[in-house]
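2 protein chains.
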Amino acid sequence: MSLSLNQWTTRRWTVAEAVDGCVRHGLEAIGLWRQEVAQQGLAESAKLVREAGLRVSSLCRGGFLTAGGPGEDGRRAFAAALEDNRRAVDEAAELGAACLVMVVGGLPGVVPGEPLSGAVSKDLAAARERVAEGLAVLAPYAGERGVKLALEPLHPVYCADRAVISTLEQAVDLSLPYPVEQVGVVVDTFHVWWDPRLFEQIARAGERIASYQVCDFLHPLPADVLLGRGMMGDGVIDFAPITRAVLAAGYTGDVEVEIFNADVWAADPDEVLATMKARYAEVVVPS
Amino acid sequence: MSLSLNQWTTRRWTVAEAVDGCVRHGLEAIGLWRQEVAQQGLAESAKLVREAGLRVSSLCRGGFLTAGGPGEDGRRAFAAALEDNRRAVDEAAELGAACLVMVVGGLPGVVPGEPLSGAVSKDLAAARERVAEGLAVLAPYAGERGVKLALEPLHPVYCADRAVISTLEQAVDLSLPYPVEQVGVVVDTFHVWWDPRLFEQIARAGERIASYQVCDFLHPLPADVLLGRGMMGDGVIDFAPITRAVLAAGYTGDVEVEIFNADVWAADPDEVLATMKARYAEVVVPS
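Chain order of the listed sequences is W and Y.
Numbering-wise (the working numbering), the first sequence opens with residue 1 and increments by one.
Numbering-wise (the working numbering), the second sequence opens with residue 1 and increments by one.
Since the hints were derived computationally from the structure, they do not count as laboratory data.
Values in this document were obtained by computation on a predicted structure and should not be read as measured data.
Mixed in with the good hints there might be a few duds.
Some chain Y residues close to chain W (C-beta under 10 Å, calculated; not the full set) [stated by the list, open to error]: (1) L124; (2) C159; (3) W193; (4) F217; (5) D234; (6) I237.
The beta-carbon is built from N, C-alpha and C at its ideal position, and this holds for glycine as well.
Based on the sequences and whatever the hints tell you, model everything.
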């Protein structure tokens, strides 16, 4: 198990700068984001990580399959979402990413940060079915390109606007119809630390665990809950038992640090990496 | 099933005013809060609801059993929490409340709204054991006084600071060792709407459902997530299927509306009651 920088943690860095930063700090892996890769250029990004000898522990992100509600407009939105996901798979393949992280989307018509409009569908069960339907199309497509889709359960506080997959159990359930090479799950401490079934579900997930992401759950949460992700040790999560369970489940991949946090983003990225390495050793790795 | 006003919804009203309001609007039940009852006087409050012919659908709240961490100080804090809960049971008995709502507490040392201090224990499993331990003491005490403890699972966003019971399944699990007259569970739409196991667990809870509370989950959440509870219809929850499931499980008690919301608190309480009645009929009661 080795430490990986999810580039959103050092958000002001370009792909090139983040790759340099990883090398400078002795990291072996990096998690990339699609929009940053697009900015740098896909071929150029692939070349940069290859030449630096870094693994791409994940590409963020596909998903948002629930965008359209029922009816003709909904089918069009769904088709557009599938098309965008196919592009994301292609990008993950070109980057040689270990997985494509899937944030599956919330209730149709609910927009993060925006007031509710008349276009919202409150049918949560239907939105969850839509995810399964999208996966049935995308899993074989990903499989043909050697890309693994990694379903990420998000904290239930994001159920309405970002992901109707709210528990690890639910993610594992959705993954089981597909070969393990095609569909896995993400264990992100921020999203799952509270779950009474966490340890049993990590064991059940076993080789389905495609990505282990760490960051802390801050208290109190900031006004924008999306930015409640903190440096490990700054919040309420007891990491060592979770890391131990992920290892016991057979996970041998990288451990990505993905922090959305205004203070972390404002800090010198080199200092962030130094702190991240120290905290990883102190609180994430089981003693 | 009939509508009940949880008095926190009309927070500026005293017990006497809220009782009058319920009568004026034709409600048959009220949910009371301990601090408001203390303000009015316990015997006086009991007399007011009795003379008005109202049922007390719940008393809020006991719990906070996790206050103390490990060690001697922790045991003292635990003993003090038990003592306070015994007083809450006595008050519920005197008021003739259908149940005492239990908000069981978060991680030891985590204070709602306050930055984390060095006194925090991050051992979530231990905090959960502490709740079971407290329940073993309090359930027989409540049983002897004809009071039912109602374990409330809170939304996982409150796991650190308010309740380590995060799912209905977990609440039902904790209730099962005790007679149904002693320990039940609360189904509060705000806290459980996202849960993939919700409908299966409502059915499993059956006669354990001691209270059905409704309010909406707002989007976006306000800066203080505690105040993200909205009037039914203003948020993302589809109430009818949940109400239908609660009825199918055999619930025959009152439906309490409990809203924590700065705008609702600022409004004329009589208008709040009128809106609450209209929305109850429109979106909560299954057609």
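Consistency of the hints with the structure:
1. L124: At 7 Å from the nearest chain W Cβ, L124/Y passes the 10 Å test, so the hint holds.
2. C159: holds (4 Å)
3. W193: holds (7 Å)
4. F217: holds (7 Å)
5. D234: holds (8 Å)
6. I237: It holds, given that the least Cβ distance between I237/Y and chain W is near 7 Å, below 10 Å.
Of the hints listed earlier, there is not a single one the structure fails to meet.
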